[in-house]
Amino acid sequence: MSSIIGNRVLRREDRSFLTTGATYTADVDDPRLAGAVHATYVRSTMAHAHITVDASEALGLPGVVGVFTAADLDGPTVLPGVVPVFPEPMLNRPILATDTVRFVGECVAVVLTEVLAQGEDAAEAVFVDYDPLPVVVDPEDALTDEIVVHSAVGTNVAVDFSNLGMATGITDDAFFADCEAVVAGRVSHQRTASAPIEVRSTAAAWEGDKLVVWMSNQGPHGVKETLEALYGEQATGGIQVIVPDVGGGFGAKIAPYPEDALLPWLSATVGRPVRWFETRTENMNAMGPGRGHVHRFVIGGTRNGDLTHYRLDVLVDSGAYARIGAFLPMFTLPMTVGVYDIPNVETGARSVITNTTPTEAYRGAGRPEATLTVERAVELFAAEIGMDPIQLRRLNFFRAEDFPVTTGVGTEYDSGDYEASLDLALEATGYDELRAEQARRRAGSGPLQMGIGVATYVEVTAGPAPGGDEFGRVEITPEGRARIYSGSLSHGQSHMTTFSMIAADRLGMEVDDIDFVQGDTDLVPHGHGTFGSRSTQLGGSAIHDAAGVVVDEARRVAADLLEADVSDVVLDSEAGGFHVVGSPSVTRSWAEVAAAAGKGVLDAESQETRLCSYPFGTHVAVVEVDVETGHVRLDRMVTCDDAGRIINPVIVEGQRHGGIAQGVAQALMEEVSYDADGNPQTTNFADYGIISMAELPSFELVPLETPTPNNPLGVKGIGESGAIGSTPAVQSAVLDAIAHLGVTHLDVPLTPRKVWAAIHGA
Amino acid sequence: MQVSMTINGSDVSHEVEPRTLLVHFIREDAGLTGTNIGCDSSSCGACTIHVNGEAVKSCTMLAVQADGQDLTTIEGLADGETLHPMQQAFHECHALQCGYCTPGMVMAAVSLLDEVPDPTEAEVREGLEGNLCRCTGYHNIVAAVLQAAGGAR
Chain A
0 MSSIIGNRVL
10 RREDRSFLTT
20 GATYTADVDD
30 PRLAGAVHAT
40 YVRSTMAHAH
50 ITVDASEALG
60 LPGVVGVFTA
70 ADLDGPTVLP
80 GVVPVFPEPM
90 LNRPILATDT
100 VRFVGECVAV
110 VLTEVLAQGE
120 DAAEAVFVDY
130 DPLPVVVDPE
140 DALTDEIVVH
150 SAVGTNVAVD
160 FSNLGMATGI
170 TDDAFFADCE
180 AVVAGRVSHQ
190 RTASAPIEVR
200 STAAAWEGDK
210 LVVWMSNQGP
220 HGVKETLEAL
230 YGEQATGGIQ
240 VIVPDVGGGF
250 GAKIAPYPED
260 ALLPWLSATV
270 GRPVRWFETR
280 TENMNAMGPG
290 RGHVHRFVIG
300 GTRNGDLTHY
310 RLDVLVDSGA
320 YARIGAFLPM
330 FTLPMTVGVY
340 DIPNVETGAR
350 SVITNTTPTE
360 AYRGAGRPEA
370 TLTVERAVEL
380 FAAEIGMDPI
390 QLRRLNFFRA
400 EDFPVTTGVG
410 TEYDSGDYEA
420 SLDLALEATG
430 YDELRAEQAR
440 RRAGSGPLQM
450 GIGVATYVEV
460 TAGPAPGGDE
470 FGRVEITPEG
480 RARIYSGSLS
490 HGQSHMTTFS
500 MIAADRLGME
510 VDDIDFVQGD
520 TDLVPHGHGT
530 FGSRSTQLGG
540 SAIHDAAGVV
550 VDEARRVAAD
560 LLEADVSDVV
570 LDSEAGGFHV
580 VGSPSVTRSW
590 AEVAAAAGKG
600 VLDAESQETR
610 LCSYPFGTHV
620 AVVEVDVETG
630 HVRLDRMVTC
640 DDAGRIINPV
650 IVEGQRHGGI
660 AQGVAQALME
670 EVSYDADGNP
680 QTTNFADYGI
690 ISMAELPSFE
700 LVPLETPTPN
710 NPLGVKGIGE
720 SGAIGSTPAV
730 QSAVLDAIAH
740 LGVTHLDVPL
750 TPRKVWAAIH
760 GA
Chain B
0 MQVSMTINGS
10 DVSHEVEPRT
20 LLVHFIREDA
30 GLTGTNIGCD
40 SSSCGACTIH
50 VNGEAVKSCT
60 MLAVQADGQD
70 LTTIEGLADG
80 ETLHPMQQAF
90 HECHALQCGY
100 CTPGMVMAAV
110 SLLDEVPDPT
120 EAEVREGLEG
130 NLCRCTGYHN
140 IVAAVLQAAG
150 GAR
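Sequence lines, in order, name chains A and B. Here the first sequence is numbered in numbering that gives the first Met the number 0, starting from 0 and rising by one per residue. Here the second sequence is numbered in numbering that gives the first Met the number 0, starting from 0 and rising by one per residue.
Heads up, a few of these hints could be off.
Claimed, not checked - Only part of the chain A face toward chain B is listed, based on derived beta-carbon distances under 10 Å:
| no. | residue |
| --- | --- |
| 1 | T19 |
| 2 | L32 |
| 3 | I196 |
| 4 | V245 |
| 5 | T307 |
| 6 | S493 |
| 7 | R554 |
| 8 | E652 |
| 9 | H656 |
| 10 | H759 |
| 11 | G760 |
To be verified - Beyond 10 Å from chain A on every Cβ pair, some chain B residues (computed):
| no. | residue |
| --- | --- |
| 12 | Q1 |
| 13 | D10 |
| 14 | H13 |
| 15 | H23 |
| 16 | G33 |
| 17 | T34 |
| 18 | G37 |
| 19 | V50 |
| 20 | E53 |
| 21 | V63 |
| 22 | D66 |
| 23 | D69 |
| 24 | E74 |
| 25 | T119 |
| 26 | N130 |
As the list claims (entries may be wrong) - If you only want the chain B side, here are some residues facing chain A, beta carbon under 10 Å, derived:
| no. | residue |
| --- | --- |
| 27 | T5 |
| 28 | G30 |
| 29 | T72 |
| 30 | I73 |
| 31 | H83 |
| 32 | E91 |
| 33 | H93 |
| 34 | A94 |
| 35 | G98 |
| 36 | R124 |
| 37 | R133 |
| 38 | Y137 |
| 39 | H138 |
Simulated from the structure, these hints should not be mistaken for laboratory data. No residue lacks a Cβ here, since even glycine has one placed at the ideal position from N, Cα and C.
Here chain A stands alone, though its shape is the one from the complex (with noise of 0.2 Å):
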């Protein structure tokens, strides 16, 4: 039988989201849950203010269970920091805010009731003081400390990552002394927000001393180890994190808030369980969106094209709390030369503390805004020394026969043919003959005038450096068949089937045979999640080692049937069961082996640490700027991008589809903004501008499989290359599009209105 890995498998979790809507966290019908009270939360109204609540009037509500602030809080108070490394009070957020707010939705109290619709009326009812403190909601304005959000700590630079070794600091000019031509900029990398169609969703229940969670999430582990620091003393029996079907985290689900971190409490103090399920408008109020970085560059070389020194500047908006989003230029600063051999590089980087939604992870996390940057030096350094940026891009590039590499800031890459991806990428394109129509276009007097913008970018999977580890456990059933447990969830990504494939694989059995089971802590004794690109090499490669020591198990326990040595035996994957080599004849399936064997035998765990990889690729953007409106249309997306051996083509292409839409929405119309007082401008979708199906093409992808030696199924990440690859190549296609106009730069989001200021002088 020829192996099933890379064929092109329909997904075999499809039936219950089809026909029932499968269970998310608000669907869960638990005994468990019986009886349970709803949980909403009072949010502030205002950015930055000292409080006073008074939650009397609410009391007496129809329905309402109960109503608490801050003051009645005798457990938990605040949710501890993800990352342990800026000063206390900006790294723990109060669960509820005692005496001041520093962001609009944070929370100030919360109102049980029996019925959810009578929550919103009791809220109403909680009222709130504000004595009002000044705003600062622009990084740049908090890093001059004229107003200090978090007075106890005196800065509102939550961490300089020079001081952590991880930035080399900046120098001055004189670093860039030996270029003939130097450019330098400022680029800016909105906040967006991650937006899964399913909102926030978590209940809570005590069973005895036993505490169980549901919770849309992605990754029960990490609750539960942010749950034992909680409630572990009291929670004698046991914590329990079940993630039911998600509907979608995109990096903001992978922490706990603090709406989920205080339902145990409720549930224990009013002893029901307790569900919450937010609305869009406190969701885009108060979970994490990303990015939210400014970026300062300097690049400089040779006349002739030899790129020779870098200089990259972060600046982080964590929001009002230092939260995952302060972290993530531990992703950005080693990615910060991207494809480009260039020697000489400085970085520097620093998170800050505004009025604003505490940042978190959003698809790429890092990496889209090293290659945006980069991508944005090299096309203005080639608009300086007159050169073709494509023509800059090949010069400077890594080359093939070099790999593995050691970049200017010391990352190693594993592989990789950039070369081959930028030309895979135009060839699909048909690159030649588009100049030839922009040309033809710009010659004559209308309007819409054409843009063709390339990117080429690498990004680290698995990661940080050096890697990670999953867990995953293979067991065969007495009746022959194989449980597979993961430590991964899939919140879309399709683990069950892909992980299925790699166990087929490696048991001689058919997919249909593998169960799948994920997402409940009882069941999966340790895991991380689904974040950072990293499930199918660490998840799936823990799968196919647990399977490898299955296999050797099966084939001693089947050279006892067979009476034969164990060197002797071998798998058939054709007929699924084993036989002595050479006698096909003679087979003992997998239920026979099983029976044989006993309970616990055939049943084995893997949970490796595996380099992290470092894929790469190729994206080509053609759009059509209407100059007389601004308006930007994307006509074609061509994309190349190499994740290393494809396990399943069609959950790849998907992958790359979801991350090349979500990067388009970052070019062109997403942006999560505030006014000066901090009040968020788009709460909902009908603000935010959310991409939909309308502005977008069909997708053109174009593949190439460039094997890593990191893992032993040879995979690489493919969830954010998407979002990673299309931001730049829009971006520079709609700059193309003008460039005859006289615009050079334009930060992202390129909306009608932006450019068309920007062509009008206005």
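Chain A is fixed; fit chain B onto it per the hints.
Chain B alone, transformed into the frame defined by chain A:
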């Protein structure tokens, strides 16, 4: 007040507050959780169902407005074990990932083909603009709708 309607061929009757949205009635009173809630502004379409055969975002209607009407939700679309051609096309084209938008998207797509049986790609994109998906980039959803239309042709 008391409202009664037919959902997926079954009679459903329940006491509701007048302000109850139809989507809440479907989920909580009829117990059909396939219809999802994704926004507060009728933007996302996750709650799309059929009322008397036409696609409606069930957050835009009060339960009382559906009194006496004939509703179909995602749970009522397949014919027993046999998927509706649109469900089948979504499966074959990998048009769903996290699946949260899927029930609404499928219901809207079925309704679109009722109105425009043989749409162009542009007509599909225009016709389903009111249904948001964050996972698929819409590429495979469009492909699935076109495939379902082709199958019906």
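> Which hint numbers does the structure go against, in order from smallest to largest?
Replying inline: Violated hints: 2, 5, 7, 10, 11, 15, 16, 17, 18, 24, 26, 27; rest satisfied.
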